[in-house]
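Going down the list, the protein sequences come from chains A, B, C and D.
Numbers 2 to 94, taken from my numbering, label the letters of the first sequence in order.
Numbers 2 to 94, taken from my numbering, label the letters of the second sequence in order.
Numbers 438 to 584, taken from my numbering, label the letters of the third sequence in order.
Numbers 438 to 584, taken from my numbering, label the letters of the fourth sequence in order.
Everything labelled a hint here was simulated from the structure, so no lab data went into it.
The beta-carbon is built from N, C-alpha and C at its ideal position, and this holds for glycine as well.
It is possible that some hints are incorrect.
Facing chain D, from chain C, some residues (calculated, C-beta under 10 Å) [claimed, not checked]: (1) P458; (2) L460; (3) M465; (4) S472; (5) G473; (6) K551.
As a list, the in silico SDA-like pairs of lysine to any residue whose alpha-carbon atoms are at most 20 Å apart [as the list claims (entries may be wrong)]: (7) D/K497 with B/V66; (8) D/K559 with C/K497; (9) C/K559 with A/P90; (10) C/K497 with A/N69; (11) B/K48 with B/A73; (12) C/K559 with A/L65.
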Amino acid sequence: MHFREALSSSTTVTVTVRAFARYAEILGIEATTLQLPSPATVGDAVKLLRESTPNGHLLPDRPLVAVNSEHAFADSPLREGDELALMPPLAGG
Amino acid sequence: MHFREALSSSTTVTVTVRAFARYAEILGIEATTLQLPSPATVGDAVKLLRESTPNGHLLPDRPLVAVNSEHAFADSPLREGDELALMPPLAGG
Amino acid sequence: MQYVTRRPIDVQALLSQVADPALGGTAMFLGSVRSGDEDGPVEAIDYSAYEEMLEAEFAKIVEESVARWPGARVVGTHRIGIVPTGEPSLAVVAAAPHRAEAFAACRHTVEEAKQRLPVWKKEIFADGTEAWRDNDQPETDAKPTSA
Amino acid sequence: MQYVTRRPIDVQALLSQVADPALGGTAMFLGSVRSGDEDGPVEAIDYSAYEEMLEAEFAKIVEESVARWPGARVVGTHRIGIVPTGEPSLAVVAAAPHRAEAFAACRHTVEEAKQRLPVWKKEIFADGTEAWRDNDQPETDAKPTSA
């Protein structure tokens with residue numbers, strides 16, 4: 002499933018999005034790709050997901066996120082090929 | 002080995018003395034009995050041992066002691082049949 | 438080091454990994470699935486994880502602990518998949534020259550693991566129902582009930 | 438409960454003794470014979486004890502810990518006789534509903550055991566010589582080397 006905006010590839014970044022636990026249930030998917038206008042941040046990706054996916058509005062504005070397996074924030078930049086993880090509150094241990 | 006003072010039995014208490022580790026080496030014995038004028042304290046027993054046993058003066062004035070397997074002090078009373086333990090600084094663990 | 442397992446945690450193997458005759462103190466923590474006191478009897482917890490990140494983040498946490506307590510050796514494991522009530526899901530072992538560092542490094546590693554590892558849990562109840570469960574807040578040191 | 442053993446400490450048996458599905462946190466401490474950094478290589482420690490008192494005092498310490506952290510389960514063992522370098526001589530395990538109490542009860546029990554158990558140690562060196570060894574002072578919480 003791909004969400005594309007009408008932009009030429011030179012001015013966009015394509016990232017993989019993974020959703021875990023409750024968020025995978027909300028979105029109905031565990032992974033997808035997302036194309037965003039460049040430069041893009043985590044916040045931009047979350048906004049697009051919330052607006053353009055079924056039940057996307059059920060995600061929080063600022064979910065816990067990781068980029069390439071490292072904890073990240075709403076203003077963290079997204080680069081071509083990055084993996085963005087949407088993570089419910091952690092419950093390890 | 003018994004240390005007796007010239008007192009009638011009604012006015013004395015007889016206790017068992019046990020010595021551990023370094024103190025057993027100093028006194029050359031692991032256990033003995035001691036007869037003390039009544040009423041007697043731990044301090045009285047230690048004083049008698051220091052004065053009347055070979056190398057007894059090598060014991061400290063106030064060694065760590067237990068009476069009947071409980072930590073005790075120089076002024077703790079000794080009663081007939083009590084077990085007094087002379088214990089070097091503890092080194093468990 | 439493998440920080441994720443789908444099998445029961447092997448405590449003896451973890452202890453062996455930190456064993457060193459120069460390290461006199463070893464502290465271990467096991468976090469186990471509780472039978473539950475709020476929503477009825479829990480039979481098991483189904484742990485899911487972002488596995489690649491779990492490996493990377495646990496490695497980072499352990500490195501940070503060793504940097505803070507030099508000379509310590511620290512290992513940890515998180516079990517995922519279905520873990521029955523009473524069995525451990527998280528284990529951390531820290532060995533150090535003396536016990537104070539061993540306890541501190543173990544406790545610190547556990548707190549960081551609880552806060553940072555990308556793991557989620559779904560409680561499975563005796564009646565077959567399931568529920569996602571968030572963690573409690575980070576714990577502070579326990580006060581005894583009497584001074 | 439038997440608090441003294443002359444055989445290697447069985448960690449798994451101790452963990453089993455406190456296991457309880459209501460207790461989600463388990464903290465364990467092992468104190469092991471160090472190879473020694475001051476007087477040369479230590480091969481083993483010969484632990485001697487006032488055994489009757491060791492049993493009574495360890496039982497008392499455990500009772501006190503359980504009184505301070507109600508709901509916790511605490512066990513401990515001190516090995517005596519010759520304990521080779523690298524092997525544990527003291528083990529304490531505390532299980533509690535949550536980890537903060539488990540850590541606190543374990544640590545407290547270890548500190549009391551170190552201060553109160555009537556045990557003495559003679560270090561046996563590689564060259565066959567022996568020396569009585571006192572304990573270090575009670576330890577306070579370890580400060581990390583960096584904030």
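Results of checking the hints against the structure:
no.	hint	result
1	P458	holds (4 Å)
2	L460	holds (7 Å)
3	M465	holds (4 Å)
4	S472	holds (4 Å)
5	G473	holds (9 Å)
6	K551	holds (8 Å)
7	D/K497 with B/V66	holds (17 Å)
8	D/K559 with C/K497	violated (41 Å)
9	C/K559 with A/P90	holds (13 Å)
10	C/K497 with A/N69	holds (14 Å)
11	B/K48 with B/A73	holds (16 Å)
12	C/K559 with A/L65	holds (18 Å)
Going through the hint list in order, the structure does not satisfy hint 8, though it satisfies all others.
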